[in-house]
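Dock the two chains into a complex; use the hints.
Chains as they are written, first to last, in the numbering used here: chain A, 177 to 288; chain B, 591 to 703.
Check the hints yourself; a few may be wrong.
What the hints assert, rightly or not - Below, a list of computed lysine-lysine pairs in the BS3-like style, where the Cα atoms sit at most 30 Å apart:
| id | chain 1 | residue 1 | chain 2 | residue 2 |
| --- | --- | --- | --- | --- |
| 1 | A | Lys216 | A | Lys195 |
| 2 | A | Lys212 | B | Lys649 |
| 3 | A | Lys217 | B | Lys659 |
| 4 | B | Lys659 | A | Lys216 |
| 5 | B | Lys632 | A | Lys194 |
| 6 | A | Lys194 | A | Lys217 |
No lab work stands behind these hints, which were simulated from the structure alone. As the structure is a computational prediction, the values presented were derived from the model and not from experiment.
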Amino acid sequence: ETGVTQTPRHLVMGMTNKKSLKCEQHLGHNAMYWYKQSAKKPLELMFVYSLEERVENNSVPSRFSPECPNSSHLFLHLHTLQPEDSALYLCASSQDSTYEQYFGPGTRLTVT
Amino acid sequence: ILNVEQSPQSLHVQEGDSTNFTCSFPSSNFYALHWYRWETAKSPEALFVMTLNGDEKKKGRISATLNTKEGYSYLYIKGSQPEDSATYLCAFAGLDSNYQLIWGAGTKLIIKP
Chain A
177 ETGVTQTPRH LVMGMTNKKS LKCEQHLGHN AMYWYKQSAK KPLELMFVYS
227 LEERVENNSV PSRFSPECPN SSHLFLHLHT LQPEDSALYL CASSQDSTYE
277 QYFGPGTRLT VT
Chain B
591 ILNVEQSPQS LHVQEGDSTN FTCSFPSSNF YALHWYRWET AKSPEALFVM
641 TLNGDEKKKG RISATLNTKE GYSYLYIKGS QPEDSATYLC AFAGLDSNYQ
691 LIWGAGTKLI IKP
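In isolation and in its complexed conformation, chain B is listed as follows (with noise of 0.2 Å):
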């Protein structure tokens, strides 16, 4: 069973202040990683698709890295605005997926003004 764990389940930040959060994936048959942001009340929202081991992504104040190796991505908010407020979700791809992306249970941020 192949098993994609979020950590924390939950974040209170500081507005102001930079976070960051880590995704734990198989290390084994690596095809890609994909993180997404979902605020409350709306869809999910892609935010990266990481395929390279070493890779590093940024939009905006958000990036994320990946270790295909020891099987973790960290993604980093830097300087936390109320708007970085959601879940945010990882979800792993093997080679051998056929489609089927396996979801982390997410990690929620809420950002205190």
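So here's chain A without its partners, still in its complex pose (with noise of 0.2 Å):
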């Protein structure tokens, strides 16, 4: 139990769809992340959050817009996606930059 949890795990849409993805932290931490994993690729982070606020935006597009209402939910909201954006989407916690990050299951997102 690492005290991330994520819903769904699971998530088929069409390119058309609008579906949103949801990040709970219970570890009172104060930062928290949204990452990419593609297949034989590193994580690729997409955006930051530092007390509620967003810190980082890594040149995703704008098809992919996050939300984070309080410092213990997380949300990624999808719309018009691609086939190509496919992949294992992970949400992360963090004390602060300089502390390990906790990870959630992730959910693992299909594209058609």
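Structure representation (structure tokens):
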């Protein structure tokens, strides 16, 4: 039990759909992250929030839209995705930038 | 462009043998080096966060060393067990990283019984 939960665990969506991924951390951490993991590639950081403020946005396409309503919850809103967006999306949290990150189980996304 | 390289990409080790693998990272603007273990169907789990040149960390049969001047870290596993089978990831944080870890692609370790 890592203290970071993600829902749903699996998602299949068409290119015209709108869906959201949810992440919740129960660790009292100040920072939360969205990562994308594609086959045979390193983890790619998408977004970072610290104390509910967005810190990093690594040139992620606008079809991905994050939301951090409070320090325990993080969402990733998806719309008009492309098949190449199919990947494992991982959420993580940390106390601050100097500490290890705690990961959720991920959402396996397939875009058809 | 900052790169973090891990080698080998995959490794098969006989149960009971010891093994090690490498993470190479930029030697300038170093802040921290993280090691994670990622077992199949589970979440990545932090093993070590290393910040000082010459640092050595140990957790059970797993240990890591750090050389920030030359930009490498070794992860050692002593007396490999089947439960050590996983992908081992390292991640580099620079002084100006602003929360961003740069990740290696990982070393996939398979322990043969």
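Hint by hint, here is what the structure shows:
A hinted pair counts as satisfied when its Cα atoms are at most 30 Å apart, and lysine 216 (chain A) with lysine 195 (chain A) qualifies at roughly 26 Å. For the suggested pair lysine 212 (chain A) and lysine 649 (chain B), the alpha carbons sit about 28 Å apart, so the restraint of at most 30 Å is met. With a CA separation close to 27 Å, the supplied pair lysine 217 (chain A) and lysine 659 (chain B) stays within the 30 Å bound. Distance check on the hinted pair: lysine 659 (chain B) and lysine 216 (chain A) sit about 29 Å apart at the alpha-carbon level, within 30 Å; holds.
As the CA atoms of lysine 632 (chain B) and lysine 194 (chain A) are separated by approximately 27 Å, the hinted pair is consistent with the 30 Å bound. The hinted pair formed by lysine 194 (chain A) and lysine 217 (chain A) meets the criterion: a straight-line CA distance of about 26 Å does not exceed 30 Å.
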